[in-house]
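Taken in sequence, the protein lines are chains F and L. Position one of the first sequence corresponds to residue 1 (this note's numbering), numbered consecutively onward. Position one of the second sequence corresponds to residue 1 (this note's numbering), numbered consecutively onward.
Just so you know, these hints were derived from the structure itself, not from any lab.
Derived lysine-lysine pairs resembling BS3-like cross-links, with alpha carbons at most 30 Å apart:
1) L:Lys71 / L:Lys37
2) F:Lys71 / F:Lys57
3) L:Lys42 / F:Lys18
4) F:Lys57 / L:Lys37
5) L:Lys42 / F:Lys69
6) L:Lys37 / F:Lys71
7) L:Lys22 / L:Lys57
8) F:Lys17 / L:Lys42
9) F:Lys65 / L:Lys37
10) F:Lys65 / L:Lys42
11) L:Lys57 / L:Lys37
12) L:Lys68 / L:Lys22
13) F:Lys57 / L:Lys42
14) L:Lys42 / L:Lys57
15) F:Lys18 / F:Lys69
16) F:Lys17 / F:Lys71
17) L:Lys68 / F:Lys57
18) F:Lys57 / L:Lys22
19) F:Lys57 / L:Lys71
20) F:Lys17 / F:Lys65
21) L:Lys68 / L:Lys57
22) L:Lys58 / L:Lys37
23) F:Lys71 / L:Lys42
Ranges of calculated distance between the beta carbons of each label pair, as one might list FRET restraints:
24) L:Ala29 / F:Glu79: 31 to 41 Å
25) L:Glu39 / F:Thr15: 27 to 37 Å
26) L:Ser28 / F:Asp56: 14 to 24 Å
27) L:Ile62 / F:Gln3: 23 to 33 Å
28) F:Asn7 / L:Ile62: 26 to 36 Å
29) F:Gly63 / L:Ala29: 25 to 35 Å
30) F:Arg9 / L:Glu56: 31 to 41 Å
31) F:Glu70 / L:Ser18: 42 to 52 Å
For glycine and all other residues, C-beta sits at the position ideal for the given N, C-alpha and C.
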Amino acid sequence: EAQVTQNPRYLITVTGKKLTVTCSQNMNHEYMSWYRQDPGLGLRQIYYSMNVEVTDKGDVPEGYKVSRKEKRNFPLILESPSPNQTSLYFCASSLRFGQLNYEQYFGPGTRLTVT
Amino acid sequence: GENVEQHPSTLSVQEGDSAVIKCTYSDSASNYFPWYKQELGKRPQLIIDIRSNVGEKKDQRIAVTLNKTAKHFSLHITETQPEDSAVYFCAADRDNYGQNFVFGPGTRLSVLP
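All chains, please: the whole structure from these sequences, using the hints.
What follows is the structure, encoded as structure tokens:
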């Protein structure tokens with residue numbers, strides 16, 4: 001089954017404790033992204049990647065890191081989480097834009113609470 | 001930078017009526033505009049999209065119109081059904097590579113039986 005998976009789905013942590021949210025897709029997609037969703041603000045892009053070893057900042061990259069060492073994986077790293085990073089996080093992937101079946105597929109989401 | 005506004009923030013319609021959600025964007029370089037539906041507790045899912053070389057696109061009860069001159073695009077849902085109740089997000093692609101998106105804040109649509 002074609003899908004984007006994220007782990008963990010729920011996480012409660014404390015300020016300053018490093019954490020990683022994993023994202024994996026099995027559709028051989030070139031593009032991958034991370035978004036955070038907060039009430040009233042819609043989805044805001046944190047980082048995106050157009051290929052292995054190619055990443056770019058989105059609108060809200062502060063406090064986050066990413067890496068794209070393999071095509072299928074795009075982990076989101078919070079080195080020192082703070083309460084303002086409490087949010088719902090979505091990973092997404094897609095084919096290259098010019099391809100016929102271009103569509104951004106979202107993972108199931110990770111609800112993160114930082115106390 | 002690109003900014004996307006979306007109106008209304010909430011919309012209630014009677015089953016069978018039409019619903020229209022409008023988005024405006026600021027960057028004339030944007031050329032791809034997707035719409036996503038997000039049901040409660042679920043992930044966003046693409047329902048329709050439009051590229052700047054097209055003025056209108058339809059898929060059954062859903063249509064999207066684009067006015068590049070005025071920099072706005074709208075989602076039209078006809079013959080609404082209770083299962084259309086969800087939050088709808090519009091988005092604009094900033095760099096024309098289908099990767100760097102800015103989203104509107106969302107519209108909560110309620111279809112009343």
